[in-house]
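Peer 1: In case you want the letters, here they are:
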Amino acid sequence: MSGFTGFAVRRTVSAVLTLLALSVIIYVVFYATPGNVAQITCGPRCSPEQVHQVAQQLRLDDPLYLRYWHFLQGMVVGHDYSTGTSVEHCPAPCLGLSYQSDQQVTQIILNKLPVSLSLVVGGMVLWLLLGVGTGVLSAWRRGRFSERALTGVTLAGVATPAFVIGLVLMIVVCGQLELLPFPEYVPFSDDPEQWMWGLLLPWVTLALGEAAYFARLTRASMLETLAEDHIRTFRAYGVGERSIVGRHALRGALAPIIALNANDFGSAVGGAVLIESLFGLPGIGQELVHAVTVVDLPVVVGMVLVIGFFVVLANAVADVLYAVADRRVVLA
Amino acid sequence: MSEALVAAEIPGATAPGISGARQFWRRLRAQRAAMVAAGVVALLVLVALAAPLLTALEGQDPTTYHPSLVDSARGGVPIGSFGGVSGDHWLGVEPQTGRDLFARLVYGARVSLGVALGATAVQVLLGVVVGVAAALGNRWVDQLLSRVTDIIVAMPLMIMALALLAIVPENFPRPILVALVIGFVAWGTIGKIARAQTLTLKELDYVAAARLSGWGTWRIARRELLPGLAAPVITYAALMVPANISIEASLSFLGVGVKPPTASWGQMLSSANVWYQAAPQYLLLPAAALFVTVLALTVLGDGVRTALDPRAASRLRVGTGRKREARSDLSGAAEPGPANAKEAIS
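Listed in order, the protein sequences are those of chains R and Y.
full-length UniProt numbering puts the first residue of the first sequence at 1, with every later residue one more than the last.
full-length UniProt numbering puts the first residue of the second sequence at 1, with every later residue one more than the last.
The shape of chain R in the complex, shown without the other chains (with noise of 0.2 Å):
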């Protein structure tokens, strides 16, 4: 079991460092561009009064290393901003300010995320048992007709960008059949029924793009599983081909599964971003491509940050989840 602790503990340092490293490079990226950042960073109807406030509350005087310094302490500890005439607190974990919002960024991030924790989290259970139950169907029923049918729709299933898939759904689902409401987000703590209609295109826009992948890698570890010598043995001992199938070929494929699961949430976030946008949820995607199209820099840092967190988070998260499927991991 040590080893296993162990292993979990060098995984949690890793997780931290490639969150640091990941920090560094988005702060110098984003604030050692060419150009006037203070300019930038405040927008562009600001007064040069402004601006030079800007530029101080941002530290440009000073190196850059110090400036990220500044930048990490904010977030361990929060940061004083001193407006001139009062000073403003920002919490820790301080992002900075949203000059162009007159906001901080960590709570412009903290309003967004309910709906994008929502949207991912609920698409993720849909996309699992979707992949999942397909991958697990077309190896059951491999080399017959279904099982074809199966691998093409999948097939379609990846090559069709996420949101191609959503704008169909939304026209057909809601705009001419008229089964669902056209969607929109309500809290869960408001009302969870319509939480959840409101949600339901969302996320199987999302989960169907993903789910694609799942089919596809259950399938095909279920049939590399198949073809092992302790199926083998099972069959000649007589069990039965649904127990085969579904529990051992199925327990084969897990820990790939697991470690799919963490590569995917990263592209479901990506991929939330355009469904938030598509179905105007007002969540960090948009948020985050609204920043963008009107460049509110401490936004886009702050937002990829958060999200980079939660991409490293998942990623540690799995792989411990993976030693624990397989243990032949921790000995490597």
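What the hints contain is simulated information worked out from the structure, not anything from laboratory work.
Warning: the hint list may mix true and false statements.
[Said to hold, decoys possible] Computed spacing ranges between beta-carbons, pair by pair:
#1 A208(Y) x V29(R): 35 to 43 Å
#2 G59(Y) x V153(R): 54 to 62 Å
#3 N111(R) x R219(Y): 51 to 59 Å
#4 D205(Y) x H70(R): 53 to 61 Å
#5 N111(R) x G80(Y): 45 to 53 Å
[As the list claims (entries may be wrong)] Chain R stretches covered by chain Y per the calculated footprint, using a threshold of three residues with CB under 8 Å from any CB of chain Y:
#6 117-131
#7 167-175
[What the hints assert, rightly or not] A few chain Y residues facing chain R, derived, Cβ under 10 Å:
#8 A42
#9 L117
#10 G118
#11 R147
#12 I151
#13 V153
#14 M155
#15 L157
#16 A163
#17 I167
#18 W215
#19 I245
#20 L283
#21 L295
Backbone N, C-alpha and C fix where the C-beta goes; we use that ideal spot for every residue, glycine too.
Fit chain Y to the supplied structure of chain R, relying on the hints for placement.
Peer 2: Okay, now just chain Y, sitting in the frame of chain R:
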């Protein structure tokens, strides 16, 4: 250093005595789906290249407004059936502006394919340079480059591309910019592949022999390592092309990629979003174009992988009992490989 020696060591390359390219073609041609896909892709490339000719044939261009063809009283809906389809405008006109849809669609093919290919080239270049440098450099170089690669792999492409588009210069040609941005955020996996493959290759005898005969690192990398990298890198790059098309379309759909008046399929979908009831074909045309293109490129990419690495491909087919493949030369390597199906499919 003969090519046969190189080839014998890397997965998916040719057996000694048969030219690698010829074997590759033979294996690719054996796959019916991939050949159909290749035909579709060839047609699309042809359409993209011949866009000025095709639109000249139609007598239109993608940017001229035709206000007389839209009904301004009804908010700019195209006049006539099926969104204004006529002998002059083969696929109708764009709502509000009256720009010719056929012209925008074929010029959009140029942008979609061009940006995707450009982005793939950047990804291959960056990935191979960083991967080979990490594998050949000392421990610190390797650590640094590998960490950066890990981060690039982990971060969502869409997010990074979006964020980068916030700080790029406005006055630069947009399609080139989008290709560069997609290239810069998505080279990680090729970097990892290139590093792993170089680490394997550099231990081989023929590389040691080259080193002993006094060749420099650069010459060894170029003459001895790069040919060995070709198969795995091409395999992955072939699958990156359709992915890049999707990313470009997505970014343009969000309004931060290719911007009007330049036509791109994603940009068309973005403006068609609100018109789906009045002019459904405005939305369906670019959606169908995207679907067909990405599907054809994905199938072709799968075929290229099967042709270059039959071992990985045959792993996926264990137990499917398809007769045609059992007869082909692919079944020779049917023993299940290491349990890494993830690499094999993703």
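Peer 1: Look at each hint and say if it fits the structure.
Peer 2: Okay, the hints, checked on the actual structure:
1. A208(Y) x V29(R): 35 to 43 Å: Distance hint for A208(Y), V29(R) holds at roughly 40 Å.
2. G59(Y) x V153(R): 54 to 62 Å: Taking Cβ atoms as reference, G59(Y) and V153(R) lie about 41 Å apart, which means the hint is violated.
3. N111(R) x R219(Y): 51 to 59 Å: For R219(Y) against N111(R), whose Cβ atoms are near 58 Å apart, the range 51 to 59 Å holds.
4. D205(Y) x H70(R): 53 to 61 Å: 54 Å, holds
5. N111(R) x G80(Y): 45 to 53 Å: This hint holds: roughly 47 Å between Cβ atoms.
6. 117-131: violated (count 0)
7. 167-175: holds (count 4)
8. A42: 18 Å, violated
9. L117: Cβ of L117(Y) sits 18 Å from chain R, so the hint is violated.
10. G118: Violated - the Cβ of G118(Y) stays beyond 10 Å from chain R, reaching only about 19 Å at its closest.
11. R147: 6 Å, holds
12. I151: 5 Å, holds
13. V153: Since chain R brings a Cβ to about 9 Å from V153(Y), closer than 10 Å, the hint holds.
14. M155: 6 Å, holds
15. L157: 6 Å, holds
16. A163: 5 Å, holds
17. I167: 5 Å, holds
18. W215: 34 Å, violated
19. I245: Where the cut-off is 10 Å and the nearest Cβ of chain R is about 8 Å from I245(Y), the hint holds.
20. L283: 7 Å, holds
21. L295: 4 Å, holds
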